[in-house]
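A.B. asks: Residues per chain, in single letters:
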Amino acid sequence: MSAMTARFDSTATYVAGEDLIVAVNAAVALERPLLVKGEPGTGKTVLAQEVAASLGLPLLTWHVKSTTKAQQGLYEYDAVARLRDSQLGWEKVHDIANYIVKGRLWEAFENEGGAVLLIDEIDKADLEFPNDLLLELDRMEFFVHETQQTVRAEKRPIVLITSNNEKELPDAFLRRCFFHYIQFPDGATMAAIVRAHFPDLHKDLLNEALGLFFGLRDVPGLKKRPSTSELLDWMRLLVIEHVEPERLRETAAESQVPPYVGSMVKNEQDMERLAQWLGSRGWSR
Amino acid sequence: MFLDLFFDLRAAGVPVTIGEYFALAGAMEKGVAEYDVEQFYYLARASLCADERQLDRFDRVFAAWFERMEAIEDPFQAVPPEWLEKMADRFFTEEEKAKIREMGGFRELLETLRKRLEEQGERHEGGSKWIGTGGTSPYGAYGYNPAGIRIGQSGSRHRRAVKVWDRREFRDFDGDVELGTRQMKLALRRLRKFTREGAADELDLDATIERTARNAGYLDLAHRPERKNRVRVLLLLDVGGSMDDHVGLVEQLFSAARSEFSSLETFYFHNCLYERVWRTNGRRRGGMLDTYELMRTYGPDHRVVLVGDASMGMYEITEPGGSVEHWNEESGQAWMLRLLRRYERAAWINPVRDDFWDYTGSIDLIRRLMGGRMYPLSLSGLEAATAELRS
Numbered sequence: 001m002s003a004m005t006a007r008f009d010s011t012a013t014y015v016a017g018e019d020l021i022v023a024v025n026a027a028v029a030l031e032r033p034l035l036v037k038g039e040p041g042t043g044k045t046v047l048a049q050e051v052a053a054s055l056g057l058p059l060l061t062w063h064v065k066s067t068t069k070a071q072q073g074l075y076e077y078d079a080v081a082r083l084r085d086s087q088l089g090w091e092k093v094h095d096i097a098n099y100i101v102k103g104r105l106w107e108a109f110e111n112e113g114g115a116v117l118l119i120d121e122i123d124k125a126d127l128e129f130p131n132d133l134l135l136e137l138d139r140m141e142f143f144v145h146e147t148q149q150t151v152r153a154e155k156r157p158i159v160l161i162t163s164n165n166e167k168e169l170p171d172a173f174l175r176r177c178f179f180h181y182i183q184f185p186d187g188a189t190m191a192a193i194v195r196a197h198f199p200d201l202h203k204d205l206l207n208e209a210l211g212l213f214f215g216l217r218d219v220p221g222l223k224k225r226p227s228t229s230e231l232l233d234w235m236r237l238l239v240i241e242h243v244e245p246e247r248l249r250e251t252a253a254e255s256q257v258p259p260y261v262g263s264m265v266k267n268e269q270d271m272e273r274l275a276q277w278l279g280s281r282g283w284s285r
Numbered sequence: 286m287f288l289d290l291f292f293d294l295r296a297a298g299v300p301v302t303i304g305e306y307f308a309l310a311g312a313m314e315k316g317v318a319e320y321d322v323e324q325f326y327y328l329a330r331a332s333l334c335a336d337e338r339q340l341d342r343f344d345r346v347f348a349a350w351f352e353r354m355e356a357i358e359d360p361f362q363a364v365p366p367e368w369l370e371k372m373a374d375r376f377f378t379e380e381e382k383a384k385i386r387e388m389g390g391f392r393e394l395l396e397t398l399r400k401r402l403e404e405q406g407e408r409h410e411g412g413s414k415w416i417g418t419g420g421t422s423p424y425g426a427y428g429y430n431p432a433g434i435r436i437g438q439s440g441s442r443h444r445r446a447v448k449v450w451d452r453r454e455f456r457d458f459d460g461d462v463e464l465g466t467r468q469m470k471l472a473l474r475r476l477r478k479f480t481r482e483g484a485a486d487e488l489d490l491d492a493t494i495e496r497t498a499r500n501a502g503y504l505d506l507a508h509r510p511e512r513k514n515r516v517r518v519l520l521l522l523d524v525g526g527s528m529d530d531h532v533g534l535v536e537q538l539f540s541a542a543r544s545e546f547s548s549l550e551t552f553y554f555h556n557c558l559y560e561r562v563w564r565t566n567g568r569r570r571g572g573m574l575d576t577y578e579l580m581r582t583y584g585p586d587h588r589v590v591l592v593g594d595a596s597m598g599m600y601e602i603t604e605p606g607g608s609v610e611h612w613n614e615e616s617g618q619a620w621m622l623r624l625l626r627r628y629e630r631a632a633w634i635n636p637v638r639d640d641f642w643d644y645t646g647s648i649d650l651i652r653r654l655m656g657g658r659m660y661p662l663s664l665s666g667l668e669a670a671t672a673e674l675r676s
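Protein chains in written order, with the working numbering: chain A, 1 to 285; chain B, 286 to 676.
Note that these hints are calculated values from the structure, not bench results.
Mixed in with the good hints, there may be bad ones.
[To be verified] To spell it out: a stretch of chain B is covered by chain A in this simulated footprint if at least three of its residues, at any positions, have a beta carbon under 8 Å from a beta carbon of chain A; those stretches are:
#	segment
1	310 to 318
2	329 to 336
[As the list claims (entries may be wrong)] Negatives, chain B to chain A, calculated, CB over 12 Å:
#	residue
3	Pro-300
4	Leu-488
5	Ser-608
6	Asp-640
7	Glu-668
[What the hints assert, rightly or not] Stretches of chain A that chain B covers, calculated by requiring three or more beta carbons in the stretch to come under 8 Å of a beta carbon on chain B:
#	segment
8	25 to 37
9	171 to 178
10	218 to 226
For each residue, glycine too, the CB sits at the ideal point set by N, CA and C.
Please build the complete structure, drawing on both the sequences and the hints.
C.D. replies: As structure tokens, this is what we get:
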């Protein structure tokens, strides 16, 4: 058994479940990508930052958009810049390597001592995108046609991939990844998470706020249920504005909409739905 | 012993492969999870299960497997080797078998299989008698999938099972059976049609070269608007009765492929198109829309996709007042033709298998009304439909 150099664990600001820790460590040990899914706002992206920090590696983030091509992660050949330079008669135009722009994957491969590469929201891209990256992620190498060189990772980077489930990922891709689904935290875990961010928070305020938060999540028919990041925003507001726990308790007792609810409920229809629900049923606690 | 888990998962329909199994073994070797059942569970889950929809199934299999692991005693009994081979046949495709051999693990794998059979055999009374008695599985007590027993059964039944399995596998490649939504989405994707609209912010390389050449070799950049998807789809679904399952599938399919279209509007009808359509599939009175209104609202550049089994009485199509639900002033046929005059590009997707179409008069009639543009709900059918709609 080889000794594991570094292990990922919960940190002061990031509360990770045991299952997540095991999944991350398995991905680190076997150098296979880790695919992380879960409701928006459950800390998928933050996870990469925390993993990078706890392993002491640099974090490279590749934000995927609907227009992103797999090739852009490897490299791009800036033909226009070269054409322009040739017009100006610059010396560097003779070496094509000057016009190869490195992508995130290349940068991660190049980093001595390894790196953490976050491929964020892979499901945003085209359906074929994951397939186009299969070989590169498997072998951690690729070929640059323009310069006839092979780029190979000296130390395989730790690859974290997040998905919001907008598209289904191909089986061949899934088979190459470890998989973890971040579940929505339960009350106790959520309390721990809030505490990690607001160490001085009063216990009563935390309890009241969490009660309202989970009550809000239970309102049926909401388009976007508030998640961890929204709760933290809301808590920040409550703290800044010195909202007393009594105020929240009154809110709950009188079936009112909680103060600064705009940081948790973010569209008009949901707001109407919430008001209507509270009018007829009140807070279920 | 982890091989048990692997086989159990496969038997329960979780698509694990040898590669993932080796990942689990590798992680165990590296000491990711040591001497801790819970950690092992998390590790197994992370490596063997790649879809949250299967997590629950994984949990159940894991629980059954774990219970069995705890109950195992020390057994020994000879098992005829051909059973093992049959079992291997049952679980692996040729490709996978080759892979196992390549990894040098087939013998070891068989060895473990053998051991397992020994364990199971011993735990059952009477040793050799457990095979196929009254169809109750010797593994049943341990929560093992019933498919497993067939190794012990006399040839024919086992072989038949394998054949059925093989055939289905084969038909998948054929492209004529319903396939996973991903493949369907890929088919629907061909509907995309790009046109250039909006601000010129993309470099037009060909035009740049041409203008540069005209400009005596000095660079002259040309830009053009970005290509955008301009396909609008009007989806009309037959709801009520036997169609509901299929309609659900099609609806999911199109809304999942939503990003491939510039707009997607869904309406519902029952059996045949008449003077009104519904906005929701509950077909409530309030959510109705006049079909004329529909045709006025959505321009002729929309592509119309009708989904229905087209199986009804002929009079429901041909006669005024033929509808089973209400009094229609004009026949369904008239409405269909009106719709098709308005929308040049249309296709009817029929979940009924196409080899049955000739035997139902109404299907044949609708197909003639559509000018032959009726397609089965299969991969090849969808591809043909998208090709038609694209043109």
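A.B. asks: Measuring Cβ to Cβ, find out whether Asp-640 (chain B) lies farther than 12 Å from everything in chain A.
C.D. replies: Nearest chain A Cβ is 30 Å from Asp-640 (chain B), so the label holds.
A.B. asks: Would you assess whether Glu-668 (chain B), listed as outside the interface, keeps its beta-carbon beyond 12 Å of every beta-carbon in chain A?
C.D. replies: Given that every Cβ of chain A is farther than 12 Å from that of Glu-668 (chain B), nearest at about 15 Å, it holds.
A.B. asks: Has the segment 218 to 226 of chain A got at least three residues whose CB is nearer than 8 Å to a CB belonging to chain B?
C.D. replies: violated (count 0)
A.B. asks: Examine the segment 329 to 336 of chain B for residues whose CB is less than 8 Å from any CB of chain A, and state whether their number is three or more.
C.D. replies: Result for this restraint: holds, n = 6.
A.B. asks: Decide, holds or violated, for the assertion that all CB atoms of chain A are farther than 12 Å from the CB of Pro-300 (chain B).
C.D. replies: violated, 7 Å
A.B. asks: Is the Cβ of Leu-488 (chain B) farther than 12 Å from every Cβ of chain A?
C.D. replies: violated, 6 Å
A.B. asks: Go check the segment 25 to 37 of chain A versus chain B for me, would you? Three or more residues, Cβ under 8 Å, otherwise it fails.
C.D. replies: With 9 residues in contact (Cβ-Cβ under 8 Å with chain B), the coverage given for the segment 25 to 37 of chain A holds.
A.B. asks: Verify this for me: three or more residues of the segment 310 to 318 of chain B with a beta carbon less than 8 Å from a beta carbon of chain A.
C.D. replies: Held - the segment 310 to 318 of chain B has 7 residues with a Cβ nearer than 8 Å to chain A, which meets the minimum of three.
A.B. asks: Against chain A, does Ser-608 (chain B) keep a CB gap of more than 12 Å to every residue?
C.D. replies: holds, 34 Å
A.B. asks: Are there three or more residues in the segment 171 to 178 of chain A whose C-beta lies within less than 8 Å of some C-beta in chain B?
C.D. replies: Our answer is that it holds, as 6 residues pass the Cβ test (under 8 Å) against chain B, meeting three.
Comparing the model with each numbered hint stated earlier shows that hints 3, 4 and 10 do not hold.
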